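K.L.:
Listed below are the residues making up each chain.
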Amino acid sequence: MEEQETQAEERRELLNDQFRRPERNLWKDAFTQLIANRLAMGSIVVIFIVFFIAAFGPFLTPYDHLYQDWDNIAQPPTRLHPLGTDELGRDMLSRSLAGGRTAIMVAVVTTTMAFVLGVLIGALGAYMGGYVDALVVRTIDFLQAFPHILLAVFLAATLKPTFIRFGDALVQQYGIRALGNTLYLDYLLIFAVLGITGWPNLARLVRGQVLSLRATEYVSSAQVVGAKEWRIIVHHLVPNALGPVIVSLSASFGGAMLTEASLSYLGLGIQPPGASWGMMIAENLVQWRYRPHLVVMPGMVLFVTVLAFTFLGDGLNDALNPRMLTPSGQK
Amino acid sequence: MELLQEAYWDEELRERVRHSLGLDRPFIVQYGEFLGRLMQGQLGYSILSGQRSINVMLAKAWPKSIQLGLVGMFFWFVSGTILGIIAARFHNRTIDYIIVSTTVAVSTIPTFVLAPMLMIVFILKLGWIESSIGWEGIFSQKIILPMMLIGFTGTAGLVRQWRSSILETISQDYVRTARAKGLTERLIIVRHVLRNAFTPILTITAASLGGFITGSIFVEQIFNIHGFGWLVWQGIIGLDYPVLMITTLFSAAIILFMNLVVDILYGVVDPRVRVGERARR
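Read top to bottom, the protein sequences are chains A and B.
Each residue of the first sequence is one higher than the one before, counting from 1 in this note's numbering.
Each residue of the second sequence is one higher than the one before, counting from 1 in this note's numbering.
Think of the hints as simulated: they come from the structure by calculation, not from any bench.
For clarity, every value in this text was computed on a predicted model and none was experimentally measured.
Just so it is clear, CB atoms sit at the ideal spot from N, CA and C, and this is done for glycine as well.
A hint or two may mislead.
[Claimed, not checked] From the structure, some residues in chain A lie toward chain B, with a derived Cβ separation under 8 Å: (1) L150; (2) L188; (3) A227; (4) L285; (5) P292.
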């Protein structure tokens, strides 16, 4: 008896060893595929470095990004200043690191805002239907009819005086010194503008996802067996809609950085003496003919970072959307 | 500041200015008047440049921007099409990967980074172009860099679209039939593949328009071309709200109009999309 059982056990184990395939799910598959994608892995390394810089950058260099070295003005790269100095004698490396902090902060905050707003509004539209849905869709259409940067420029220019007045009022009324610093107001302005312009894309995606997923057979069968609505949401809608949303978030991360740089370049974002890659390019563009490195350095940093997010987004898209469920393909 | 205000502050003058700008009326009335004037084609007056009419400013700016935009779109279309066809022809080989990733990289570079880099390469290092600043019509060498910059912003999208849509068309039955008939590869591609692959290209053309307009802001600012984008730039640095308002509105109107044109063109390119006829049947 016992011998037979052990034999059966052994046979089962042998079967398991030889024929049973390892457990699979979307996330594991996606992870394996992402690991295999060399471009995406390289991008992840770059993104980690940028995040590290954003967190610890100011401690890595001996100079403050505002410190002016009067003995070395507008120098090409030297041992003292690895990336050279600008025409005010500020170390370009320190400024680039500080600019990285700005870029990451703006990207993190505005992407979070766009994510929360987009998911809430998109899901609201899809669930409520009727007038609410129509209102949501029309608002998205309205905001997306404008070229993205132009709308951001327009909002930034219009909201700016309001923000400055708001800051002044707070300083006068409560004596909060920090708000008198216009740099913080610049950050708030950028957050507000990019939050407003960022959510429509995501809301459209989430709305489409919810609508199309709710029409699938497995949601219908869940409804038929009497599953509660929140159970359908948690077990069916969220996991299936998450892939496209993650891809879209990665893209919007790079996009937010780019828009911040563009706004700062145009003089509507971070103002001097704050540090932003876009502003550094604008400051030094006048003298591109004589000191090209001052324009090339921040430009290259910005380019490499945004490119990393683009390639990571592509890699995530290949890994997470096996059916190529692109936003434009959604109806 | 106080002294200046004491010296020049004239209550009566202030009221007169407020009245002439319509600021003493309720907000909603002002908005209604703004809309009414807009309907009649009066776009208002710039605050900054001495009360100049925005109609005049736009009329002066448009020709340059349209020329620049058309030249840029031409460059975009030609380069994107050629590269896309090559990428599809050699798909999943090294040359395909090189083309796709390079165009993605170039399209990712913001215009205001790419512009100084191209200037440094072509003017400082290579010396092929003497100077690019200014506007001397589209047959001058000064147009080369602005044209490339406007074109590059959308190249990656076009290359990808051509590549995927050609690959999709090439596996169709009628292409196999054409091969079986013994047509030359060139004829198959030109006559059977490209024509049928063209419909999705229209979509991406419409989607790229916003990019061309925002690209023109940076390009015209950097190269000092006094067109539409330059007007936007002037509005931004001077916080000239009427100008900003009209230019933003205008670009949205252009994009909506071009979307309509593209929708109509669908029917011309692809006979299956003629909605009206099918509805009548």
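K.L.:
So, against the hints stated earlier in the document, which numbers end up violated here?
P.N.:
2, 3
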